[in-house]
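Colleague: Input sequences plus hints: build the corresponding full structure.
Number of protein chains: 2
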Amino acid sequence: MEKKASNITVQALQRMPYYLHCLEQARDNGIKTISATSIANELKLNDVLVRKDIAAVSSTQGKPKAGFPVDELILDIIDYMGYNDKKDAIIVGAGSLGRALLGNHEFEGYGLSLVAAFDIKPELIGKEISGIPVYHISELEAFCSEHRVPIGIITTPPDVAQGIADTFCRVGIMAIWNFALTRLDVPEGVLVQNENLASSLAMLSHHITK
Amino acid sequence: MEKKASNITVQALQRMPYYLHCLEQARDNGIKTISATSIANELKLNDVLVRKDIAAVSSTQGKPKAGFPVDELILDIIDYMGYNDKKDAIIVGAGSLGRALLGNHEFEGYGLSLVAAFDIKPELIGKEISGIPVYHISELEAFCSEHRVPIGIITTPPDVAQGIADTFCRVGIMAIWNFALTRLDVPEGVLVQNENLASSLAMLSHHITK
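Line by line, the protein sequences give chains A and B. Here this note's numbering is used: the first residue of the first sequence is 76, the next is one more, and so on. Here this note's numbering is used: the first residue of the second sequence is 76, the next is one more, and so on.
Treat the hints with care, as some may be off.
It does not matter which identical chain is meant; a pair holds if it fits inside one copy or across any two.
The calculated lysine to aspartate or glutamate pairs, modelled on EDC-like cross-linking and capped at a C-alpha distance of 16 angstroms, are [unchecked claim]:
id, residue 1, residue 2
1, K119, D234
2, K119, E263
3, K119, D260
Quick caveat, the hints were computed from the structure, so don't treat them as lab data.
Modeller: Right, here's the structure in full:
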């Protein structure tokens, strides 16, 4: 069960939470082994793809007919994805979306630990949202330097997002989850994951108006 | 300024909100014309791509040197994307994510009008969240049939999502925005837009642990 090398596609990586959830459901139903075909059917995926994805993150061998041992596969995915290894994250912008993220305790199951929020609204500063302290944005740089936070989340209006990303990069944040409707310019080595609800909405609207 | 045909790529469609925001910012700064190159620089895109995207949604001709008339291009994008044509949507699951979506009034700018929420928790039924009424899930089918809602949003736990999608399809919902960590099986013609925060988190975690 040694850790596999990092030669995995983005798509495979994005499927891992689905596999994990499917396997955990099987385990909770008392199922001990599961075939790639069952997983594929459950998730509406191709079973060759499922076998390939599993092989990329686990050296667990599926037995003919019986399939993969569920518990072992769960542990391999958790291990590969680093879900047991908590990574601190901060969030800038404590508006409605920021609050929803702060209140989402599911993230902890995925290895994300929200440690602080930052905003500019005087009425929020010094308060806690879902148990997480809110600081003034002017304290962002000092906080990040002191705590060596690896992940930064941006849920601000788009016009201030680049400035925040610049600060993030200056203090050593390596991965940015960007919910603001703007493209961020970051140095090589820093990952920006854009999460754009307006772009998703564009897809939905277009589908029903076309 | 007649409406262009629907031969646009998913990626182009997803860039439209970015273009719109960029153009609105320019307009608010008193800028009357803008070149594709300026838009491309602002959004960190290739300018050939920007020209192609604009041509797909607008017959406005950019003038050499001066560029595109900002106001006209804004109207063309709004028109193409149907942002002026409000589309009703309902949301099932009034947990923290559901509440954030209900409280996000920006969606109205993108043509989405949230008209009702559904949940099973007795303490929520009959209340309003951000001015939107919450009904019991048992009323979902009757409500949708009566109001002919085209868009359904799922922010429930994954194990009940398929059942809700089935109900959506039965009552004629054409586009589903799925935030639940499960793949939905829907008839042809129904669009499912999966929004998976856990998959995005997988990307971020993998980047900093690799």
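Colleague: All hints are to be evaluated individually against the structure, with a verdict given for each.
Modeller: Do the hints match the structure? See the list:
| no. | hint | result |
| --- | --- | --- |
| 1 | K119 / D234 | between (40 angstroms within a copy, 15 angstroms between copies) |
| 2 | K119 / E263 | between (36 angstroms within a copy, 14 angstroms between copies) |
| 3 | K119 / D260 | between (36 angstroms within a copy, 8 angstroms between copies) |
Hint compliance for this structure: no hint is broken.
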